[in-house]
Amino acid sequence: MLSRLQRWHDLKLAFAGLASLMLASTATPAGAVAPETGDLPELVGGLATASYSEKQALIKQLVQTHDPRVRGVLDAMLEGKLYSRTSDGRLFIAAENNDVLDITDPLTGKPAGSMQSGDAGKIGINNQLRKTLRVALAQFDLASTDVNVRLEAVREMLRAVDTESIAVLHERLAVEPSSAVKREIRAGLALADLDSSEVSVRLAAVKTLAESLNVDVYNRLTAMSQAPAEGEAGEGDPAVRAAAKKALRTIDRKRSFYSIAQTLLYGLSQGSVLVLAAIGLAITFGVMGVINMAHGELMMLGAYSTYVVQLLMPQHIGASILVAIPVAFLVSGLVGIAIERGIVRHLYGRPLETLLATFGLSLILQQAVRDIFSANNRPVETPSWLAGSLQINEVLAITYNRLYIIVFTFAVFLLLLAILKRTRLGLEVRAVSQNRGMAKAMGIRTEWVDAMTFGLGSGIAGIAGVALSQLTNVGPNLGQSYIVDSFMVVVFGGVGNVWGTEIGGNALGVVNQALEPYAGAVLAKIFVLVFLILFIQRRPRGMFPQKGRAADG
Amino acid sequence: MNRGNVLKWAVAGAVTLASMTAAAEDTIKVGVLHSLSGTMAISETTLKDTVLMMIDEQNKKGGLLGKKLEAVVVDPASNWPLFAEKAAELLEKDKVSVVFGCWTSVSRKSVLPVFEKDDGLLFYPVQYEGEESSKNVIYTGAAPNQQAIPAVDYLMKEVGVKRWVLEGTDYVYPRTTNKILQAYLLQKGVKAEDIIVNYTPFGFSDWASEVSKIKKFGSAGKKTAVVSTINGDANVPFYKELGNQKISAEDTPVVAFSVGEEELSGLDAKPLVGHLAAWNYFMSIDTPANKEWIKKWHAFTKNPKRTFNDPMEASVIGFQLWVKAVEKTGSTDTEKVIAALPGLSVGNLTGGTATVLPNHHITKPVYIGEIREDGQFDVVWKTDKEIPGEAWSHYLPSDKGITADWVKLKCGNYNEETKVCSGQNFK
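If you read the protein sequences in the order shown, they are chains W and U.
Take the first sequence: its position 428, counted from the start at 1, is 801 in the numbering used here, and no numbers get skipped.
Take the second sequence: its position 167, counted from the start at 1, is 206 in the numbering used here, and no numbers get skipped.
Everything labelled a hint here was simulated from the structure, so no lab data went into it.
Heads up, a few of these hints could be off.
DMTMM-like, lysine to aspartate or glutamate: derived pairs with alpha carbons at most 25 angstroms apart [what the hints assert, rightly or not]:
id: 1; chain 1: U; residue 1: K132; chain 2: U; residue 2: D158
id: 2; chain 1: U; residue 1: K106; chain 2: U; residue 2: D133
id: 3; chain 1: U; residue 1: K252; chain 2: W; residue 2: E584
id: 4; chain 1: U; residue 1: K363; chain 2: U; residue 2: E155
id: 5; chain 1: U; residue 1: K285; chain 2: U; residue 2: E249
id: 6; chain 1: U; residue 1: K335; chain 2: U; residue 2: D325
id: 7; chain 1: U; residue 1: K261; chain 2: W; residue 2: E584
id: 8; chain 1: U; residue 1: K261; chain 2: W; residue 2: D625
id: 9; chain 1: U; residue 1: K261; chain 2: W; residue 2: E537
id: 10; chain 1: U; residue 1: K309; chain 2: W; residue 2: E525
Using the sequences and the hints, build the whole thing.
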């Protein structure tokens with residue numbers, strides 16, 4: 374409560390400056406009488422019974438009173454905290470507390486007791502109102518002392534520009550200390566200037582905006598590059614038209630560059646998911662030659678481990694993902710070792726039996742999960758540091774979860790490479806996979822190496838499951854949807870080659886994403902499969918086949 | 040266990056058996072044909088519970104025609120051919136008087152021949168693509184003109200949407216609905232270049248480029264909306280991606296036809312606030328009937344958090360209509376009950392009435408709701424009165440002049456020009 378009051382007080386002070394500025398400059402046009410502070414109770418009271426479109430008008434009028442108390446009312450309305458009492462229709466700002474509403478008067482900010490939640494109706498808002506409210510509130514934020522708040526406020530205001538907000542922005546530009554905010558305001562005002570009736574103003578605005586990647590600018594310039602036609606907006610002045618065309622050419626070039634960059638990024642992110650799903654298989658199938666149909670279910674176990682970890686530490690969702698990585702590695706790894714010791718080791722050299730046994734196992738694991746966790750998908754929360762997107766510029770953005778997946782996959786890949794090339798286990802794995810008899814003769818415990826290798830591959834599948842829990846639904850069928858893709862990537866990249874998996878997976882991802890805008894998601898996938906079949910016909914051993922003695926495995 | 044005990048148990052068993060058969064003789068059997076396992080179990084299990092609750096209620100009131108109702112629950116396991124087998128089992132072996140069941144259109148299409156051959160009666164409670172009217176089915180869910188068309192109307196008139204993305208999962212319901220919507224939008228003067236139609240596979244999860252395509256399409260300076268017929272699992276990653284790419288409902292609203300309270304209950308709804316759904320019922324609608332109903336539902340399921348949704352309301356309406364028809368005819372004979380159904384009305388849970396039409400669809404109100412933070416909906420728009428369901432869409436050129444009428448014409452697909460009845464399940 375204290376902080377709320379404090380904030381209230383700050384805003385009041387901040388607003389006083391802005392309000393006096395606005396009052397001094399925005400002369401009210403004769404005839405239309407702007408609402409005054411005295412009208413406030415009546416206007417606010419009107420919200421209780423107004424329809425959505427009437428509320429729209431009321432909000433505009435409320436803002437025009439330039440009364441600092443309006444902010445609290447609008448804020449509460451946006452947050453859904455504004456209620457009207459059924460008995461007398463009075464409005465209150467209310468905080469819900471177990472069916473009891475603690476209410477405060479919206480204008481005085483004083484507590485007004487409490488009421489049952491059944492005795493009051495919430496003031497409903499819809500999307501259009503939400504937007505109007507945000508834009509209106511942004512005008513108040515413009516006077517904030519925090520640069521970022523001001524920057525956000527300017528952007529918010531530019532979503533819906535009218536003469537009123539242009540006037541406010543002009544005022545702000547004159548006193549704004551931050552250059553970033555100034556730049557944003559200028560760009561916004563230039564956009565508004567494109568509609569000016571003065572040719573010189575329009576020409577200047579086009580020149581200012583020639584570098585902008587903003588979509589509104591792009592749409593306006595496209596319209597301005599044509600002469601006015603019947604029923605269509607256009608540009609009458611040839612000089613402005615030419616300038617608009619020139620600016621468009623520059624912008625188009627930039628946009629197509631960034632769109633290629635975007636396809637590449639999306640492709641890499643999809644490819645990384647493929648690689649992550651396949652890289653564990655690259656070890657069990659690629660290096661050991663075991664066709665493990667339960668590989669997908671090992672990923673599923675990893676995803677469920679994430680879910681369980683989140684259940685155990687509900688207060689620390691942000692850290693839960695990091696904790697889940699080793700947990701999932703251990704869970705899936707141990708299950709993997711159990712599978713190898715219990716089933717696979719009896720079936721070495723009999724691929725068909727291995728395939729059937731592990732397929733049966735995958736069904737058992739799915740059903741086990743169904744019985745333990747229910748058949749429904751489990752909600753795995755996304756920590757805040759994984760949500761949202763990194764806006765590189767106005768046309769290029771990548772969501773954080775995809776960015777992290779790319780980085781994470783590459784880290785897992787490097788780690789695996791290091792294990793295989795730099796550790797004793799890696800050396801033994803390679804030795805056993807190349808010549809089992811000779812390795813045994815040299816004193817390597819091949820059985821132990823088999824178990825460890827299978828465990829390593831399975832554990833990495835578990836880690837992949839943690840990542841997938843952030844991208845897709847965590848349910849008993851999670852594994853099934855990735856098993857085909859995983860085999861596809863390993864075969865394409867070249868069996869027995871971790872590098873091949875990394876490059877193959879990313880290549881398939883990029884090809885898929887490049888095709889998707891033209892062919893649609895369904896056809897793109899089919900094209901990739903057809904391409905893969907043709908490729909395997911030409912090069913049965915994949916992109917990077919094993920060479921020399923290793924190839925005989 | 041000594042001998043005396045064995046005898047005692049045997050006698051007890053025999054008595055129980057005897058009493059059971061005795062009871063079975065004067066019960067009316069009600070078939071419940073909803074998947075209780077497999078992918079559709081999430082949605083269909085609640086419908087089974089709804090029907091069981093209705094039966095329980097009816098029995099507490101003393102049953103029907105002086106007999107108790109008995110539920111026969113089977114599990115078609117989300118397996119479409121199995122639906123037909125289980126339907127045959129219910130109709131031929133268990134001799135049920137009525138069946139409440141099916142969710143997906145493909146399961147309904149699969150059981151249709153069985154119901155027509157054995158002359159059964161099916162109440163189908165889910166919104167669907169239309170283009171069908173069977174003598175043996177009462178459609179208590181919405182036809183496209185009771186969900187899709189009003190939703191698009193709302194966006195066009197109230198929100199001022201000029202550009203449309205029709206995004207769906209690749210199967211029969213989205214494809215037919217989008218075909219109708221596209222024809223409708225073109226008739227309303229929307230330019231062809233302002234509509235894109237897009238399909239993704241079941242369970243799609245890599246939405247990055249699909250969503251950025253929507254974003255790009257929506258940034259052409261005209262107000263854009265997404266009409267989503269995305270079904271099932273794929274919705275979760277879709278909405279997550281919308282949130283991540285910062286597509287806000289204020290700029291580009293998404294109106295969904297397959298996302299309701301049940302689907303949102305397993306999801307963090309914060310990024311979805313303001314996106315829309317069109318249904319004929321919302322749990323949050325504040326009417327005495329609805330409040331009381333939800334209280335009963337929570338008591339029956341012993342879970343105060345269980346959601347109630349549109350197809351469940353449609354199940355309730357279907358059950359009440361059947362009870363009324365049986366009471367009116369005084370028999371459970373399907374032929375008589377089917378003949379009695381058109382024209383019957385019962386109250387729905389939102390304060391209106393549901394009347395069975397001659398085309399075997401019912402009248403329904405249409406609501407547009409905006410998603411709230413708690414996964415419920417705020418109604419932002421509703422129709423003034425109930426809309427009668429249309430089996431055949433008059434926006435599709437191929438449906439011109441086709442009517443369904445089981446009262447006068449006795450036909451589900453009657454061509455008014457050629458005066459030919461093409462059978463009840465033509466196409």
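Structure-based check of each hint:
This hinted pair checks out: U:K132 and U:D158 have alpha carbons roughly 14 angstroms apart, not beyond 25 angstroms. Note on U:K106 and U:D133: the hinted pairing holds, with a Cα-Cα distance of about 17 angstroms set against a maximum of 25 angstroms. Between U:K252 and W:E584 the CA atoms are separated by roughly 23 angstroms; this keeps the pair inside 25 angstroms, and the hint holds. Taken as a hint, the U:K363 and U:E155 pair is honoured in the structure, with Cα atoms around 23 angstroms apart against an allowance of 25 angstroms.
A distance of roughly 14 angstroms separates the Cα atoms of U:K285 and U:E249; the hinted pair therefore holds under the 25 angstroms criterion. This hinted pair checks out: U:K335 and U:D325 have alpha carbons roughly 15 angstroms apart, not beyond 25 angstroms. With a C-alpha separation of about 23 angstroms, the suggested pairing of U:K261 with W:E584 holds against the 25 angstroms cut-off. The suggested pairing of U:K261 with W:D625 holds, with an alpha-carbon distance near 20 angstroms, which does not exceed 25 angstroms.
Using a Cα cut-off of 25 angstroms, the hinted pair U:K261 and W:E537 holds, with the two alpha carbons roughly 22 angstroms apart. This hinted pair checks out: U:K309 and W:E525 have alpha carbons roughly 20 angstroms apart, not beyond 25 angstroms.
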